[in-house]
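Participant: Produce the complete structure using the sequences and hints provided.
As they're listed, the protein sequences go chains A and B.
Numbering-wise (my numbering), the first sequence opens with residue 188 and increments by one.
Numbering-wise (my numbering), the second sequence opens with residue 941 and increments by one.
No lab work stands behind these hints: they were computed from the structure.
C-beta atoms are modelled at their ideal positions from N, C-alpha and C, and glycine is treated no differently.
Watch out, some of these pointers could steer you wrong.
[What the hints assert, rightly or not] Here are some, though not all, of the chain A residues that point toward chain B, as calculated from beta-carbon distances under 7 Å:
{"#": "1", "residue": "R239"}
{"#": "2", "residue": "D256"}
{"#": "3", "residue": "L258"}
{"#": "4", "residue": "R281"}
{"#": "5", "residue": "T289"}
{"#": "6", "residue": "E305"}
{"#": "7", "residue": "D492"}
{"#": "8", "residue": "R495"}
{"#": "9", "residue": "R496"}
{"#": "10", "residue": "T520"}
{"#": "11", "residue": "W524"}
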Amino acid sequence: MSDTTEPGNPFTPHTPSDVEQMLDAVDADDATDLFDIPSAVRFDGELGIDARGEQELKREITETLAQNDELVEFMGRGHFAHYVPSMVDELSMRSEFVTSYTQYQPEIAQGFLQALFEFQSMLVELTGLEIANCSIYDAATALGEAATLAQRVRSTSGDRVLVPELLHEGKRGVLENYADGPDLVVDTYPMDDANVDVDGLEAAIDDDVAMVYAENPTVRGTVEENASAVGDLADEHDALFVLGSDPVAMSLLQRPADVGADVVVGEAAMLGLGTAYGMGTGIFATREDYLRQVPGRLVGASEDDDGRRAYTLTLQTREQHIRRERATSNICTNQAWLALRVAMHAAHLGADGMVDLAERMVELPTELAADLDALDGIEAPVHDRHHFREFAARTDRSAADVAADLESEGFAVHAIDDHLLQVCVTDVNEHATDDLVAAMEAVL
Amino acid sequence: MIYDQASYRDDSDELYEPLLVEKASKEVAVEDGPLPDDLTRDTLEMPELSEPELARHYTRLSQMNYGVENGPFPLGSCTMKYNPKYIDQVAGLDDAAVHPDRSEGSVQGVLDVMATVQDYLASIGGMDEVTLQPPAGAAGEFTGIAIARAYHRANDDERSEVIIPDSAHGTNFATAAMAGFDVVELPSGEDGRVHLEALEEAVCDDTAALMLTNPNTLGLFERDIEQIADVVHDAGGLVYYDGANLNALLGQARPGDMGFDIMHFNLHKTFAVPHGGGGPGAGPVGVVEDLAEFLPDPHARETDDGDYELYEPAQSIGKVHGYHGNWLNSLRGFAYIARLGGDGLADTSEKAVLNANYLATQVDLEIPYGPFHHEFVASAGDLDAADFAKRMLDYGVHPPTTKWPELVPEALMTEPTETESIETLDALATAFDNVLAEDEATLASAPNRTTAGHIDQASAARNPRLSWHALEDGEE
Ligand SMILES: Cc1ncc(COP(=O)(O)O)c(C=O)c1O
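Facilitator: Shown next as structure tokens:
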């Protein structure tokens, strides 16, 4: 049955005599007799989908995807790539991991539970907060969950959430949708040279604010220098300080707990996955105080009846399958397998590897920005800040035109405003920085 | 015996596998780097193991985990079917790995796959348009209910209630609440289906939507589905289809033809995307034509000249994911559907329903409701369903979903899927019947042949230890 296009599902084991025996047992002439569907709603048309053999299909998909242009991407803005070691691919693909389900029977799911416990632990280490869950869909949905948590844990009512005026449109948009149900209003505070404008935030905040959100690094790739001030302001107004970051950045930048973060959300898929057209691995960490308000699954340590340490999903009374409309979130399926891959990748790097990688993410954009700045017609970086992975650059020509011309030269960068580009450089594209600079010179 | 892990218990009296940090860890001081000290953390501690040691660690962990390839996995409502290997290979193609902010012109291959799988799903569901944005079933529900809310608002008709049958999945209730609606719970009729009179009583001017699974969680087809949809539509509400049980209906019946306005698909159930230990999934949402303008932003479509583009629908609900959903799972779903074709999909449901019905004839348990389709809900009777399940582990098989839906006392919700052979179904039936013949004491002391023995859930919740830091603190 290796490459058949015979009618039928090639992944069912039934021989014709099996089917006969089974039909006999259930007392039916044909499997279709088992359906209790009124004739008015029975489908007797054709779905219009042709079956393909495996080889033919792989060729088709390869050819279809080959319509993508081969570009060297210097793109980031929340979705990043670092080199993923082959070990992560090979071991995460073991079928016991990839074909398993949520660990509702922990006695036969110790392996995955332990891997998720280790993932949670790494985030606890990185954030300095006591609790991390075992994933949310992506950074944007994690931010939405943080806003509703902030509203729930606040002792007095508060209906506003404050976000930076410069915020990735995906995060802003998802937050708006999460805010709609509980009647939260999303307001912005100003930025100063891409970091938090502390005076502006002070003017925008009042006692009606349940959450203040800031990022480190920011959406412009700048290292946030005012995180502690944000934490203090949030505290003064009994608002939660929600900080957006990622595991590589947190290996180097100020530890979120040390700047007063109450919740850390963000993207972890730059470890273990890389570029996947935006597919992500959302992280969610918070203080112990809010343990019972955390969305999503938590793995805890316990003992089995022989007294050995064993792991299990825990505090499930927060979750939808027990608490239904009073659950902390509707999330059920999460990004567990990607969390496993994050943990594998982080373990492969180790502490030295994580810190070295993060330091490289400060050096690379500085070097590339300087090389671009030496050209005529471009100023880089625009912001007088430290950078992490990426930076904004001002072009004399229209940024959209420059980006389009660069595409013809084989490179992808962001055009983020009329005369602003954003350029991201990591270990996966640093080999091509000289080529990018040459192409930039040609198109400016 | 399909799966036996008892030997793991001989290895150590304390644990089954040390944590990475217990094997080796290193704390580094963060200093003298490219950033001033006041902008950096002080230290970082992480596991410190070589690649060969890590390979052993994760291989060992995988061996302490049960997946579909270890044996049958008849978890009701979860559709744990075999995940064909080529699906993961195509998801690993280099050309699938692109940045989400790439120009549309430079990712025509990705957009082509997206638009094509949207069309396939629309055809399978009898819907007019499908979005691939939602990353899981619950996210699909959230998207669908947001679409219903936007539709009513566009008609200047703010509505506050969502009706959900008592047998529904927890996500339905949680979704409606998250989207700001009051939940009206609908008691099931005696036959386990929606009771039309109860529904008529429940609907009113405030009804935004009814959320329904069909076949429902008892595996029963809602025979009155057309009248059900009429009752809700007459009251001005919309009808939402929870696609968790679509594996029963492929090519047999389509939600769009039954009167549903909005539906989600679970690519990780029906369309063979592996469950990955709890995710990632994908929960595309289909809508009828009138609702297409409310779909999330961005939406992929084919242009008149045969190119592909992304656009924002006229009255879009906005964003439900930071970028484009779980793209690699959209690709996996495409690969599955294209391999099977229309006939293969229809055969899938026939075999899924045949397998469930055959298995039911081979077990001695009472199954109070029928006729059922791809799954049945048996009762463990006087036995505790959770204990029953634990004991099934000793027979080397994964047990069914337990204690839900609550309409069946001590429920064992069983969904074998189409990818199990008659021999495996017979082995599964033997496991059911062996456990049924045992006493509660034997069940309560199970499991014995699994990696870990019975795990104390209560103490895990009473004394939460959620990281290796918490374990270390506990030892101090
Ligand atoms: C009936 C039903 N509805 C909804 C869901 C939620 O889907 P997901 O886990 O993909 O969010 C499930 C999942 O188990 C389900 O069984």
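Participant: Decide, hint by hint, whether the structure agrees.
Facilitator: Hints, verified against the model:
no.	hint	in the structure
1	R239	holds (5 Å)
2	D256	holds (4 Å)
3	L258	holds (6 Å)
4	R281	holds (4 Å)
5	T289	holds (4 Å)
6	E305	holds (6 Å)
7	D492	holds (4 Å)
8	R495	holds (5 Å)
9	R496	holds (4 Å)
10	T520	holds (4 Å)
11	W524	holds (3 Å)
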